[in-house]
Amino acid sequence: MVKDRVKILMAKPGLEGHWRGMTIVSSALRDAGYEVIYGGNMLPPEIGQTAAQEDVDMVGLSILSSNYMRLVSETLEELRKNNKDDVTVLLGGIIWESDFAALKHMGIAGIFTPGTPLQDIVAFVNTKTAAQPSR
Amino acid sequence: MTANNEDQIKSASGIPIKDLYIPNDIKDIDYDKEIGLPGQPPFTRGVYQTMYRGQLWTIRRLSGFNTPEDTNNLYREEYELGQTGFSIAPDISTASGMDPDDPRVVSDVGHAGAPIYSLEDMETVFDGLPIERVSTFLADRVGGLLTPAYFIMAQKRGIPMDQVRGTTANDLCTWSSMELANQPTPHTFLRMSVDLIEWCAENAPRWYPISMNSYNPRDNGITAVQELGMLMATVIQYIEEAKRRGRVPLDKFVRRFAFNMAVHNDFFEEICKLRAARRMLLKIIRDRYGIDDPKCGQLRVHVQSSGSTHTHQEPLNNLVRIAYQVMAGVLGGAQSIHANGYDEAVCLPTDQSMLLSIRTEQIVALETNVTNTIDPLGGSYFVESLTNEIEERAWDFVKKIEEVGGMAQAINTGWIHREYKAAIIDYERKLRSGEINVVGVNKFRMEKEPHSIPIFKPDPKSADILVERIKRQREQRDNAKVTKALQNLEEVVRSEENTFPAIMEAVKAQATPGELAAIPLKVYGPWTYPIGV
Amino acid sequence: MASEDKVFSLSGIPIKDLYTPDDVKTIDYDRDLGLPGHPPYTRGVYATMYRGQLWTIRRLSGFNTPEETNKLYREEYELGQTGLSVAPDISTVVGMDADDPRVSADIGHAGVPMSSIEDVEATFNGIPIENVSTYLADRCGAVTTAMYFVMAERRGLDLKGLRGTTANDMLSFSVPSLVNQTPPQAYLRYAVDFIEWCCEHAPRWNPVSFDSYNSRDCGLDAVQELGMLLATAIQYMEEAKRRGRVPLDKFVRRVSFDTGLHNDFFEEIAKLRAARRMWYKIVRDRYGITDPKCALFRVHCQSSGSTHTTQEPLNNLIRIAYQVMAGALGGAQSIHANGYDEGICLPTEQSMLLSIRTEQIAALEANIGNTIDPLGGSYYVESLTNELEERSWQYVKKIEDMGGMAEAMSSGWLYKEYRDAMIEHERKVATGELPIVGVNRFRLEKEPYEVPIFRWDPEAPYKQIEKLKAFKQKRDKDKLTASLENLEAVTRRGENVYPAVMDAIRCNATLGEISDVQLKVYGLWRRPLAI
Amino acid sequence: MDSKNVKILMAKPGLEGHWRGLIAVSSAFRDAGFEVIYGGSMRPAEIATTAAQEDVDIVGLSILCSNYMPLTSQTIEQLKAHGKGDVMVLLGGIIYPDDFTELQKMGVSGIFIPGTPLEDIVKFVNDRIPELKKVA
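Chains as they are written, first to last, in numbering that gives the first Met the number 0: chain B, 0 to 134; chain F, 0 to 532; chain Y, 0 to 530; chain R, 0 to 135.
The hints are simulated quantities; they were obtained by calculation from the structure and are not laboratory data. All of these numbers come straight from a predicted model, not from anything done at the bench. We treat Cβ as the ideally placed atom computed from N, Cα and C, and that holds for glycine. Some clues are possibly wrong.
Calculated Cβ distances over 10 angstroms to all of chain Y for the following chain F residues [what the hints assert, rightly or not]: (1) E33; (2) R44; (3) P204; (4) R254.
Only pairs whose alpha carbons sit at most 25 angstroms apart, straight line, appear in this in silico DSS-like list of lysine-lysine [to be verified]: (5) Y:K445 - B:K103; (6) F:K456 - Y:K445; (7) F:K26 - Y:K292; (8) R:K3 - R:K104; (9) R:K79 - R:K104; (10) F:K242 - F:K282; (11) Y:K519 - Y:K471; (12) Y:K478 - Y:K70; (13) F:K155 - F:K429; (14) Y:K415 - Y:K70; (15) R:K3 - F:K460; (16) B:K6 - Y:K415; (17) F:K429 - F:K480; (18) Y:K478 - F:K447; (19) F:K429 - R:K122; (20) F:K442 - R:K122; (21) F:K483 - F:K470; (22) F:K155 - F:K447; (23) F:K32 - Y:K462; (24) F:K480 - F:K507; (25) F:K456 - R:K79; (26) Y:K240 - Y:K292; (27) F:K282 - F:K429; (28) F:K483 - F:K447; (29) Y:K292 - Y:K280; (30) F:K9 - F:K460; (31) R:K122 - R:K6; (32) F:K442 - F:K429; (33) F:K442 - F:K456; (34) F:K442 - F:K155; (35) B:K103 - B:K6; (36) F:K447 - R:K3; (37) F:K456 - F:K483; (38) Y:K478 - Y:K468; (39) F:K442 - Y:K478; (40) F:K442 - F:K470.
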């Protein structure tokens, strides 16, 4: 699948406003050739709707506050409701290692904590993209 | 300009601190003469021209524990973590000159340091480590086994003696500040350590054969001023002894003096102490002894955060104290720094605290940008005034020591120990009255310890391993050779000759630390430690 | 003599290998430095500085529920903390009530939820607010402050004696809250309304704290931080001047500031010294205010969260220690040491205690408060102070040239600055140009140790929602509606809205209800974020 | 019996050389009126011999190294062997809380970690003067 056909929605499902991480990851993905929709702060239903309307391939979530378990599960639920449960969902932010397994079980494909080099995130997305069927 | 009140605010050394320092306070300073450029006399701003822009200080932690093998693992880890120099803390029996199977020491083997009782142990400690690339600090006892063993190891590895880099710390000041069993008298001590300096001046020109060390004295409660005075009096004592003997030209003798000081809590006082120390050494070398080679007057100093400032209560607070002390060392222009483990008032450092010590130095070096320029505080009205004030007071203390006959005599008569004792009692009084603040101890003390930390426990089996090992070594060695080497050593000690070659020979012949230590004690008798109540 | 081979401060200022008397020979001591407590205040705003009074140890804190936050404040008070500092939770920051369906997952995160006066009262239960100085990280419009004031009225206290500070600053709120916001021009209006009101009714309250902390954490350097901070202050003064309702000197007298403390030790010290001189020049030269009290750059500093690493969290304790010391050597009036674990979770009790201990050790053991401005006269520090000042003036000018801070926000320029700074930061981290110990230098494969983790209470939101619903039930509906209608009318008429805000709070209006009125009048503003 | 009739031997049974705490506590005892024999660095057997010869009431040990368990137990054994099993033994230094119980079982009456105010140590002994063997 060609990179510039891959659409990624980047969003913060909570209200918390630390958008530094989301901004730099979005820039890095765009620079790597992806089409990035920068959603900013969106509530889980909005993320589900936008993902469906824009027919994105991936959703990148950024959460810097400790309520990520609940927000992730609500977002995934909304994606399912909008028939977008096939998208790859990535999560960045302050995530405790003890929750990694549970998040992956929920359906998160990749988890990135602060200090992860941007090229590692891009490389991860590249691998996931390559694995997705061409369309 | 303004009326400066001096209402009872004093530095930790009791220097009255004004509320404000202004240009007037430094108007008498002649920049070129008293401050100057870094790398140029009087070295106030640093001993090297480029200082940390050229090379960072060495991150060097005094360490060692359990067995030579465990110590080797630790050193390898430290090397991987980015440590750039090694520093051997010997265990107590090594420092006391007793063999591990000596009934007096059994419980001390492998505690508080690395047990090194033979050349084999030394080789185990440095197994796989590139001693040609790093320098090593040996906290050796006078006439001890560490320095000869290190030299012999280097020779065996094919490193020429003139390339071996490191330091032997066996100065009067430190040694007499601790009560160790089995010690020679101060004058024996002086003689044997001067022997090593003479020998190295001729044979190991890149080795620092002595490290004038005021770290341990400082931890006995004395002030920065006393620390500095004692240190300089020690320098004078050594030079006087070399001069008396007249065997080695003085400029050659003093060229490789290293220094080791404490960094205590009072931030600016510690910075100024290091700046004043550089100027004082130069004055001693240049003005008092007429040695013009500026290399001889460079005070290259290793500093260590003061263990006595660490609290047993809330041990993580020590991480903050150590961070500030390390910063003071850096702003003071130290060449090498040991950040203590935050848990050293509780136990030997754990892996975690060791890592944090190194991290502390790395963060200062790489993240705070304080190394961007040389002597960043130079010119500060306060710092320059305080540097002068400390220097002046430290000279007074030097004079006091000279009046009692110099450092060796001051130790011999117990004069120094009376100073220590007075300092200890004064400190306790100030702690009680709240004149000194110790957070978590006499200020904001909690009823219950608020957090727990990981604890290091030494391996009780170490002693057995080492006792077995030395027994085996004694059985396997050529005992006739040992006896001969020790007899030779005794003869040399009784003569005026330099003792170091004979010690090297004895170590090569696998004499044990106890056997080595016994000889000066036999010749000169033991020393009774001059402290009491 | 001095080479400048590629050594720069964090703000890109070339740093020479050595500074000597030559570097400071153009400095006129009386004109450029002066005595502490005297113009141009380079050496400190007070004549006695820490010899007279140490900086205030003040930690921004709050979590879960008002009740639990109250417990925390009481503990902090007993541990020797001399000022309280309220971090609102996310729902409060964005101006939504706890029972708003959009916020439920965010209640009690990163701060204390304060939807109603009942929450404020629970937060300060048993704390003698007449004896403490409270900082409220309240957004423009100061609705939480109104609740605090009404609480004081209900306790029978005179507002004229109340001490504290309301953030009320548009710069800091340009960063964290992305949703439910009014446009910058509305921010400015509410902010200045509040200031005007305080001049008359709460004269000991600091009605604004210009705050560059959050902006700095977006990756700005010290020069940009200082430039934006002062440009924001100028924007407020221009607005007050335009209105002409309150004499400018009365407004300026109680202005305070809030900045970050970043890693570059001497640059941060020089930044605070330069800031004092710049503020003095703004007040005296630009606005002709001669009252010396107005020219005091009184500053609260906080260690920069963006310097903390998730890796090896105890390393942050060391970073924070140095940042705190830079604040103290720079002459800050109040300092917040972050929790070392804030890169991982909300501060635990352990990390909170260590934050306070860090400041206490700097003050009581390292003796850095023994003399005033101990670095004054240092060739390096004085040169760097001058250099920072000069570069910051240029940055202020750049902002003014585009129409001032409110315009810089509306046009999206500010967000482009943030974005560029962030991307530049990442580039430097990736190339290793900016070393971060344990992250891009000496990184370990495995985390070497664990630290205790603070766990947020997942039940907290439900408790809050229930409580708020019950509170809303109890109110006098008619009085409430009338007060909100009055607020809307006043807002539309352009009068000072604050008396109407206070009235609405007296009628038990909630934060969300008041912010709905604001949005109704001014419309929703979506941040012009750039990627 | 009051403090001036009480004899205390203060010693470091290990080889480690940190005597700061020992001096500080010894001085405090002396100032409080006790008769203090400052032994300094002494091996367990020497401590016991001195304790017997001087007929002391209390032995104060200071150990700053992690070998306090064997050193304390050896010293107490030696005291028993010299007929001084009845003296009160105090221990100061870096002692881990996990070991307190076992040390007390061994016969240590008081344990004092760094940061203990000197007056607390003196008070501890003063409060126990009636329990000392000469009274009993």
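* Could you grab the alpha-carbon distance between K456 of chain F and K79 of chain R and see if it respects the 25 angstroms cut-off? => Not satisfied, since the Cα-Cα distance of roughly 28 angstroms exceeds 25 angstroms.
* Pairwise hint evaluation, K122 of chain R against K442 of chain F, where the allowed Cα distance is 25 angstroms at most -> Holds, at about 21 angstroms.
* Asked: Does the structure keep K483 of chain F and K447 of chain F at a Cα separation of 25 angstroms or less?
  -> 61 angstroms, violated
* Asked: Does K442 of chain F pair with K470 of chain F here, judged by a C-alpha cut-off of 25 angstroms?
  -> 52 angstroms, violated
* Asked: Does the structure keep K480 of chain F and K507 of chain F at a Cα separation of 25 angstroms or less?
  -> 10 angstroms, holds
* To do: Compare the distance between the alpha carbons of K282 of chain F and K429 of chain F with 25 angstroms, and conclude whether the hinted pair is satisfied.
  => 35 angstroms, violated
* To do: Starting from K478 of chain Y, check that the Cα of K70 of chain Y is at most 25 angstroms away, please.
  => Status violated; Cα separation ~33 angstroms.
* Asked: Would the pair K155 of chain F and K429 of chain F pass a check requiring their Cα atoms to be no farther apart than 25 angstroms?
  -> Given that 25 angstroms is the threshold and the Cα spacing comes to 54 angstroms, the pair is violated.
* E33 of chain F: least C-beta distance to chain Y exceeds 10 angstroms? -> 12 angstroms, holds
* **K519 of chain Y paired with K471 of chain Y [C-alpha distance capped at 25 angstroms]** => 21 angstroms, holds
* Proposed proximity, K468 of chain Y with K478 of chain Y (alpha carbon, max 25 angstroms) -> 18 angstroms, holds
* Is the Cα-Cα distance between K447 of chain F and K3 of chain R 25 angstroms or less? -> With a Cα-Cα distance of about 35 angstroms, the restraint between K447 of chain F and K3 of chain R is violated, given a limit of 25 angstroms.
Taken one by one, the earlier hints fail for this structure at numbers 2, 7, 8, 12, 13, 14, 15, 17, 18, 22, 23, 25, 27, 28, 30, 33, 34, 36, 37, 39, 40, listed in ascending order.
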